[in-house]
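K.L.:
So the sequences go chain by chain: H and W.
As numbered in the working numbering, residues 1 to 114 make up the first sequence, in order.
As numbered in the working numbering, residues 1 to 115 make up the second sequence, in order.
No lab work stands behind these hints, which were simulated from the structure alone.
What you are looking at is a predicted structure, and each value in this text was computed from that prediction instead of being measured.
Hints may be right or wrong, so weigh each one.
[What the hints assert, rightly or not] Cross-link-like lysine-lysine pairs, in silico, PhoX-like; alpha carbons within 20 angstroms at most:
1. Lys-15(H) <-> Lys-71(H)
2. Lys-78(H) <-> Lys-102(H)
3. Lys-56(W) <-> Lys-102(W)
4. Lys-56(W) <-> Lys-62(H)
5. Lys-78(H) <-> Lys-70(W)
6. Lys-44(H) <-> Lys-56(W)
7. Lys-44(H) <-> Lys-71(H)
8. Lys-83(H) <-> Lys-62(H)
9. Lys-78(H) <-> Lys-11(H)
10. Lys-59(W) <-> Lys-70(W)
11. Lys-78(H) <-> Lys-62(H)
12. Lys-83(H) <-> Lys-70(W)
13. Lys-102(W) <-> Lys-83(H)
14. Lys-102(H) <-> Lys-15(H)
[Said to hold, decoys possible] Here are the in silico distance ranges between beta carbons for each label pair:
15. Thr-62(W) <-> Asp-74(H): 34 to 42 angstroms
16. Glu-14(H) <-> Thr-51(W): 48 to 56 angstroms
17. Ile-38(H) <-> Leu-45(W): 20 to 28 angstroms
18. Thr-112(W) <-> Ser-112(H): 21 to 29 angstroms
19. Leu-45(W) <-> Val-54(H): 23 to 31 angstroms
20. Leu-70(H) <-> Ser-7(W): 39 to 47 angstroms
21. Arg-16(H) <-> Asp-67(W): 36 to 44 angstroms
The C-beta atom is built at its ideal place from N, Cα and C for all residues, glycine as well.
Listed below are the residues making up each chain.
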Amino acid sequence: EAGVAQSPRYKIIEKRQSVAFWCNPISGHATLYWYQQILGQGPKLLIQFQNNGVVDDSQLPKDRFSAERLKGVDSTLKIQPAKLEDSAVYLCASRGAYSNEKLFFGSGTQLSVL
Amino acid sequence: TQLLEQSPQFLSIQEGENLTVYCNSSSVFSSLQWYRQEPGEGPVLLVTVVTGGEVKKLKRLTFQFGDARKDSSLHITAAQTGDTGLYLCAGGPLISNFGNEKLTFGTGTRLTIIP
Chain H
1 EAGVAQSPRY
11 KIIEKRQSVA
21 FWCNPISGHA
31 TLYWYQQILG
41 QGPKLLIQFQ
51 NNGVVDDSQL
61 PKDRFSAERL
71 KGVDSTLKIQ
81 PAKLEDSAVY
91 LCASRGAYSN
101 EKLFFGSGTQ
111 LSVL
Chain W
1 TQLLEQSPQF
11 LSIQEGENLT
21 VYCNSSSVFS
31 SLQWYRQEPG
41 EGPVLLVTVV
51 TGGEVKKLKR
61 LTFQFGDARK
71 DSSLHITAAQ
81 TGDTGLYLCA
91 GGPLISNFGN
101 EKLTFGTGTR
111 LTIIP
């Protein structure tokens with residue numbers, strides 16, 4: 001079974017530039033999450049989708065971050081403009097529709113903002 | 001806001017030794033999960049505990065959920081170099097809408113097993 005796919009694996013940009021991350025969840029998984037993991041810390045939820053609808057984006061810095069999940073499958077997360085403090089690993093995770101189902105994570109995109 | 005504090009933050013021990021890491025909160029959780037994350041990879045689920053006082057064993061790993069469902073521990077017996085990684089606990093909220101819960105992740109314990 002294919003896992004959660006993310007790209008790119010690494011991205012280096014300068015502050016004030018824009019960047020986008022892509023996630024392809026496990027086939028059939030209705031729920032998709034984007035997490036931000038700063039070095040040495042646990043993942044912090046940015047946004048949760050159920051199919052193509054946003055369930056929770058309370059911790060998403062909406063002045064610079066945006067995310068979409070068109071057609072309820074792939075998702076993209078964008079940062080515009082990036083700040084130094086956005087340097088982190090961005091993890092995508094997916095699971096089935098029920099809350100007691102196992103959560104699967106992708107390998108993440110490591111972002112460095114210089 | 002529900003917070004999960006893990007201790008110790010860093011742990012480095014010799015292969016063959018035993019260790020325990022802790023996950024504590026002032027909030028009550030409906031369930032508690034433990035993940036292991038290796039460098040360059042996403043977290044991988046190890047276990048889910050849902051009942052206060054529950055103990056689960058996974059080979060050399062023993063997981064316990066506190067009676068009050070506010071804390072948990074992970075005990076590793078005879079640690080091996082393959083146990084090296086970042087261990088994360090994550091709590092599920094006590095009250096949530098169907099499918100709309102969000103996990104709160106702990107601060108993590110970085111474990112290094114020295115050969």
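K.L.:
Determine for every hint whether it applies to the structure shown.
P.N.:
Okay, the hints, checked on the actual structure:
1. Lys-15(H) <-> Lys-71(H): Measuring from Cα to Cα gives roughly 31 angstroms; hence the hint is violated.
2. Lys-78(H) <-> Lys-102(H): violated, 26 angstroms
3. Lys-56(W) <-> Lys-102(W): Cα-Cα ~23 angstroms, so violated.
4. Lys-56(W) <-> Lys-62(H): violated, 40 angstroms
5. Lys-78(H) <-> Lys-70(W): Judged against 20 angstroms, a Cα distance of about 36 angstroms means the pair is violated.
6. Lys-44(H) <-> Lys-56(W): Measuring from Cα to Cα gives roughly 26 angstroms; hence the hint is violated.
7. Lys-44(H) <-> Lys-71(H): violated, 25 angstroms
8. Lys-83(H) <-> Lys-62(H): holds, 14 angstroms
9. Lys-78(H) <-> Lys-11(H): Roughly 13 angstroms between the alpha carbons, so the hint for Lys-78(H) and Lys-11(H) holds.
10. Lys-59(W) <-> Lys-70(W): Not satisfied, since the Cα-Cα distance of roughly 25 angstroms exceeds 20 angstroms.
11. Lys-78(H) <-> Lys-62(H): holds, 10 angstroms
12. Lys-83(H) <-> Lys-70(W): violated, 36 angstroms
13. Lys-102(W) <-> Lys-83(H): violated, 26 angstroms
14. Lys-102(H) <-> Lys-15(H): violated, 36 angstroms
15. Thr-62(W) <-> Asp-74(H): 34 to 42 angstroms: For Thr-62(W) and Asp-74(H) the Cβ distance comes to about 39 angstroms; the hint holds.
16. Glu-14(H) <-> Thr-51(W): 48 to 56 angstroms: Since Glu-14(H) and Thr-51(W) have Cβ atoms about 50 angstroms apart, the given range 48 to 56 angstroms holds.
17. Ile-38(H) <-> Leu-45(W): 20 to 28 angstroms: Taking Cβ atoms as reference, Ile-38(H) and Leu-45(W) lie about 21 angstroms apart, which means the hint holds.
18. Thr-112(W) <-> Ser-112(H): 21 to 29 angstroms: The hinted range 21 to 29 angstroms holds for Thr-112(W) and Ser-112(H), with Cβ atoms some 24 angstroms apart.
19. Leu-45(W) <-> Val-54(H): 23 to 31 angstroms: holds, 24 angstroms
20. Leu-70(H) <-> Ser-7(W): 39 to 47 angstroms: holds, 42 angstroms
21. Arg-16(H) <-> Asp-67(W): 36 to 44 angstroms: Once the Cβ atoms are compared, 51 angstroms apart, the range 36 to 44 angstroms for Asp-67(W) and Arg-16(H) is violated.
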